[in-house]
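Chemist: When you get a sec, could you build the whole thing from the sequences and use the hints?
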Amino acid sequence: MQVPALFHLAYHVRDLDASRAFYGGLLGCTEGRSTDTWVDFDFFGHQISLHLGEPFKTTNTGRVGDHLVPMPHLGLVLPMPAWRELADRLEAQGLDFVLKPQIRFAGQPGEQATMFFLDPSGNPIEVKGFASMGGVFES
Numbered sequence: 013m014q015v016p017a018l019f020h021l022a023y024h025v026r027d028l029d030a031s032r033a034f035y036g037g038l039l040g041c042t043e044g045r046s047t048d049t050w051v052d053f054d055f056f057g058h059q060i061s062l063h064l065g066e067p068f069k070t071t072n073t074g075r076v077g078d079h080l081v082p083m084p085h086l087g088l089v090l091p092m093p094a095w096r097e098l099a100d101r102l103e104a105q106g107l108d109f110v111l112k113p114q115i116r117f118a119g120q121p122g123e124q125a126t127m128f129f130l131d132p133s134g135n136p137i138e139v140k141g142f143a144s145m146g147g148v149f150e151s
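Under our numbering, read the sequence shown as residues 13 to 151, first letter to last.
Certain hints may be false.
[As the list claims (entries may be wrong)] Under the rule of at most 35 Å between Cα atoms (straight-line distance), these lysine-lysine pairs were calculated in the DSBU-like manner:
1. Lys140 with Lys112
2. Lys69 with Lys140
3. Lys112 with Lys69
Hints listed in this document are in silico derivations from the structure and should not be mistaken for laboratory results. In this text the structure is predicted, and so the values were computed from the model without any measurement.
Modeler: Now the structure itself:
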């Protein structure tokens, strides 16, 4: 029996106010509980907890197609209309992308839209979009 599940991810950020502006203001995530040292957000239906501290070291070592992407990274999968809406909003705000919104694996199993960007603390985030959510695990 499959049970609907949400993920919870806690990671470090250097500045809670900058994180609030980014996650709450730019990405549109709803803020949850907080203290002087951490803040929770509803990250597209999942819970992230941002704690003051030094973020993980990342390197561009993940080879996906022709690109090297930041590792480790947080990822999110959205239906294509929601992905397009977010990509348009981030582009309109002038966000500096690590990997600009694009389609990869076009015409192949697993065709997807993707974009990579960093939060103010340098934490990499990938957002994927699929025309059919059944394509997420297609090989």
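Chemist: Where does the structure disagree with the numbered hints, that is, which hint numbers, in rising order?
Modeler: none
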